[in-house]
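> Protein chains in written order, with my numbering: chain A, 4 to 142; chain B, 4 to 142.
It is worth saying that the hints were derived from the structure and are not from the lab. Note that CB positions come from ideal geometry on N, CA and C, so glycine has one too. A couple of the hints might just be wrong.
What the hints assert, rightly or not - Pulled a few chain B residues facing chain A out of the computed Cβ check, cut under 8 Å: (1) E47; (2) V49; (3) M64; (4) Y85; (5) G89; (6) M91; (7) W109; (8) E127; (9) A141.
Protein chains: 2
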Amino acid sequence: MTSCSMCTKWEDEPGLQIAELEQCRVMLNRDQFFPGYCFVFTKEHVTELFHLDPEVRNSVMAEVSRVAEALYTAFAPAKINYELLGNMVPHMHWHLVPRFTTDPLWPRPIWSEAHDPVELTSAEYAGRVALIRKTLEAL
Amino acid sequence: MTSCSMCTKWEDEPGLQIAELEQCRVMLNRDQFFPGYCFVFTKEHVTELFHLDPEVRNSVMAEVSRVAEALYTAFAPAKINYELLGNMVPHMHWHLVPRFTTDPLWPRPIWSEAHDPVELTSAEYAGRVALIRKTLEAL
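The shape of chain A in the complex, shown without the other chains (with noise of 0.2 Å):
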């Protein structure tokens, strides 16, 4: 699977690192629009959930939920949006992005507008990085 983006995103973006955990890496998004948007995808090259063994499946959703509950720490959203899309990479990956009353697409889904990519200095990807990883380790 030499094509596939997520297989390599890890080794990709070494800035956007911020956790590597027993079935999935976390990794910060490069577009902080939303702040906080973090990817959790698995090490291994799988699709649909229901492909996965059931011990492997709740590892799984305990490690993206473990992630949700330190964005929500850390960020203190009105509410944590999920989603398993992989239509244009299949490879699984979940989007985890907190979203806030305040933020310009409250509360319709992240997709519903376009909107310019926000970027952050390389001081503040390493801030916001540090941040969810020490959140998520005091869980």
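Following the hints, put chain B in place on chain A, whose structure we already have.
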């Protein structure tokens, strides 16, 4: 929670009822622009994944996974999309959406472009509900 539309959805739309599972209820979405689009929602009024006990979370996700497999079996889509949002109705409800390479929005998210809802006849709703129910029971 008398003001929660998800708490009363099962009783409100009997023609869309597919199945009552241990943790969740399964209903067809009235708008069938995306054929097979279902909701899987908890019987309890809960919101975030990380609020659930691990055993309950595992059970909810097993049901989400099983419904996704039934949709995949019944409709043969290219991908299933799984979305837990809840910005407007926080009561936990999963959007399970079979996606086809022939659908007008493929491969973009279902929210990326507005569309007029596709309503079926009563007989067509009943047929689609029965197909999904039968496939689910056979898994």
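> Determine for every hint whether it applies to the structure shown.
Hint check results:
no.: 1; hint: E47; in the structure: violated (16 Å)
no.: 2; hint: V49; in the structure: violated (12 Å)
no.: 3; hint: M64; in the structure: holds (5 Å)
no.: 4; hint: Y85; in the structure: holds (4 Å)
no.: 5; hint: G89; in the structure: holds (6 Å)
no.: 6; hint: M91; in the structure: holds (5 Å)
no.: 7; hint: W109; in the structure: holds (7 Å)
no.: 8; hint: E127; in the structure: violated (26 Å)
no.: 9; hint: A141; in the structure: violated (14 Å)
Checked against the numbered hints listed earlier, the structure breaks hints 1, 2, 8 and 9; every other hint is satisfied.
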